[in-house]
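A.B. asks: Residues in the sequence shown are numbered from 1 upward in steps of one, following full-length UniProt numbering.
Since the hints were made in silico from the structure, they are not lab data. Any given hint could be a false lead.
With a straight-line cut-off of 30 Å between C-alpha atoms, the simulated DSSO-like cross-links for lysine-lysine are [stated by the list, open to error]:
| hint | residue 1 | residue 2 |
| --- | --- | --- |
| 1 | 47 | 14 |
| 2 | 106 | 42 |
| 3 | 27 | 17 |
| 4 | 27 | 14 |
| 5 | 106 | 47 |
| 6 | 98 | 27 |
| 7 | 27 | 47 |
Only a predicted model underlies this, so the values are computations on that prediction, with no experimental measurement involved.
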Amino acid sequence: MYAQSDEEREHMLKLVKFVNERGGHAKISELSAPNVTFTSFKEMFEKLFEHEVFVSQSINDLVHISLEERDYASHNFLQWYVAEQIEEEAVARTILDKINLIGDDKGGLYLFDRDIENLTVTSASADGLQ
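Using the sequences and the accompanying hints, generate a full structural model.
C.D. replies: Put into C-alpha cells, the structure is as follows:
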C-alpha cells in the first residue's frame with residue numbers, strides 16, 4: 001500500500017504544478033485524520049469505494065466548471081484525472097467483488113492478500129507508464 005500512497009502523492013503534486021505553472025498559487029491545507037475504526041474488513045473497502053466515487057464526482061465537477069469557463073487547458077489537463085478515476089473505481093470495485101466472493105471463508109483471505117498486492121502493484125506500474 002506504500003506504492004499506492006506514493007501514487008496519490010504524485011497525483012497531488014501534478015495538480016499543484018499545473019496550478020502554479022498557470023500563475024496560481026496552490027495551497028495544500030491540513031487534512032483531517034481518516035477513520036481507522038471499522039466494524040469489518042468489508043466495511044473498510046466499502047468506504048474506500050465510496051471515497052473513489054466521491055473523488056470522481058469532484059473531478060467531474062471541475063471538468064464541468066472548466067467547460068463553463070471556457071478554460072480548455074484545464075479541461076485538457078483534467079482528462080488525465082478522469083481516466084485515472086475510472087481505473088481507481090475499477091480497482092476498488094474489484095476488491096469488493098473479491099471480498100464478497102470470499103464471504104466468511106477465512107482461508108480465502110490469504111489468496112485475497114496476494115491478489116490485492118498484485119492488483120495495487122499492477123495499478124501503480126500502469127500509472128507510471130503514463
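A.B. asks: Taking only the CA atoms, is the gap from residue 27 to residue 14 under or equal to 30 Å?
C.D. replies: Within the cut-off at roughly 13 Å; holds.
A.B. asks: Within a Cα-Cα threshold of 30 Å, do residue 27 and residue 47 meet the stated pairing?
C.D. replies: holds, 27 Å
A.B. asks: Verify the proposed pairing of residue 47 with residue 14, using a straight-line Cα cut of 30 Å.
C.D. replies: holds, 25 Å
A.B. asks: Taking only the CA atoms, is the gap from residue 98 to residue 27 under or equal to 30 Å?
C.D. replies: violated, 38 Å
A.B. asks: Under the criterion that the straight-line Cα-Cα distance not exceed 30 Å, is the pair residue 106, residue 42 satisfied?
C.D. replies: Holds: residue 106 and residue 42 sit about 13 Å apart, inside 30 Å.
A.B. asks: Tell me if the straight-line CA distance from residue 106 to residue 47 falls inside 30 Å.
C.D. replies: holds, 21 Å
A.B. asks: Do the alpha carbons of residue 27 and residue 17 lie within 30 Å of each other, as the hint requires?
C.D. replies: holds, 11 Å
Hint 6 from the earlier list is the only one contradicted by this structure; the remaining hints agree with it.
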